[in-house]
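Asks: Here is what each chain is made of, one letter per residue.
Protein chains: 2
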Amino acid sequence: MDAQLENLKYDVGGLIPVVVQDYLNNEVLMVAYANREALAKTLETGKVHTYSRSRGRLALKGESSGHFQLVKAIFTDCDKDVVLIKVEQIVAACHEGYRSCFYREHQSGAGDWKIVGKQMFDPAKVYGK
Amino acid sequence: MDAQLENLKYDVGGLIPVVVQDYLNNEVLMVAYANREALAKTLETGKVHTYSRSRGRLALKGESSGHFQLVKAIFTDCDKDVVLIKVEQIVAACHEGYRSCFYREHQSGAGDWKIVGKQMFDPAKVYGK
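Protein chains in written order, with our numbering: chain A, 1 to 129; chain B, 1001 to 1129.
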């Protein structure tokens, strides 16, 4: 395995958080988790792979939507326990149709988060039912 | 407590990952963890507070260095299990002296991560010994 990936600090479950960022405007698109295999696949294919905790398996980001994330650069932090990947995002990152998963903003004094993102596609059409 | 913070999904240990981003150029500065109390303090004071897992307590970011993070906007993602905070960063985010904690880049075929960040201060001088 790639020595640099082996060098990272994975948690007790073998996972590491991954921040995915648009390489053009630095927008944070999503935060997911990866294991060693997902990172190795990401390096090998040039497309972001994650470990889906809900599905309990490796997942190619965009596998059903075609909204892949093409890897431009990979970084890690001072503690080597988080990975940051800069990508070219095809269409949108969020399965709810938004460019970024971070489409809700805190509003002082309000009861709920405010949707500030712009929807790029209709999830019902892309994923079907 | 703020209804929007109550609305987030904290993990079994009561923590949620927090991505901190420069509000001017969108550089990702660090990833840390917060609990309800840290987020409430962040809202109340306008300065990022985290929960330090290694020290087992609430921590004001910059408490010993003076390198505070002044809150500009707070976001959450589609699953409401990650928080993103845009900040004005005083001096630098990383305790190792770099502007961002993500100062190491993966180099294809190399044995180790390459330092690509620029050091903004000398940690020995700021934190003492």
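Since the hints were derived computationally from the structure, they do not count as laboratory data.
Glycine included, C-beta positions come from ideal geometry on N, C-alpha and C.
Any given hint might turn out to be false.
If you anchor each label on the Cβ, the simulated ranges turn out as follows [what the hints assert, rightly or not]:
id	chain 1	residue 1	chain 2	residue 2	range
1	B	G1111	A	V12	18 to 28 Å
2	A	E96	B	V1116	14 to 24 Å
3	B	Y1127	A	G66	23 to 33 Å
4	B	G1066	A	D122	40 to 50 Å
5	B	R1055	A	G111	39 to 49 Å
6	B	K1080	A	G13	18 to 28 Å
7	A	K80	B	V1012	39 to 49 Å
Asks: Each hint should be assessed against the structure and marked as holding or not.
Replies: Tested hints:
{"no.": "1", "hint": "B/G1111 <-> A/V12: 18 to 28 Å", "result": "26 Å, holds"}
{"no.": "2", "hint": "A/E96 <-> B/V1116: 14 to 24 Å", "result": "33 Å, violated"}
{"no.": "3", "hint": "B/Y1127 <-> A/G66: 23 to 33 Å", "result": "48 Å, violated"}
{"no.": "4", "hint": "B/G1066 <-> A/D122: 40 to 50 Å", "result": "48 Å, holds"}
{"no.": "5", "hint": "B/R1055 <-> A/G111: 39 to 49 Å", "result": "34 Å, violated"}
{"no.": "6", "hint": "B/K1080 <-> A/G13: 18 to 28 Å", "result": "21 Å, holds"}
{"no.": "7", "hint": "A/K80 <-> B/V1012: 39 to 49 Å", "result": "24 Å, violated"}
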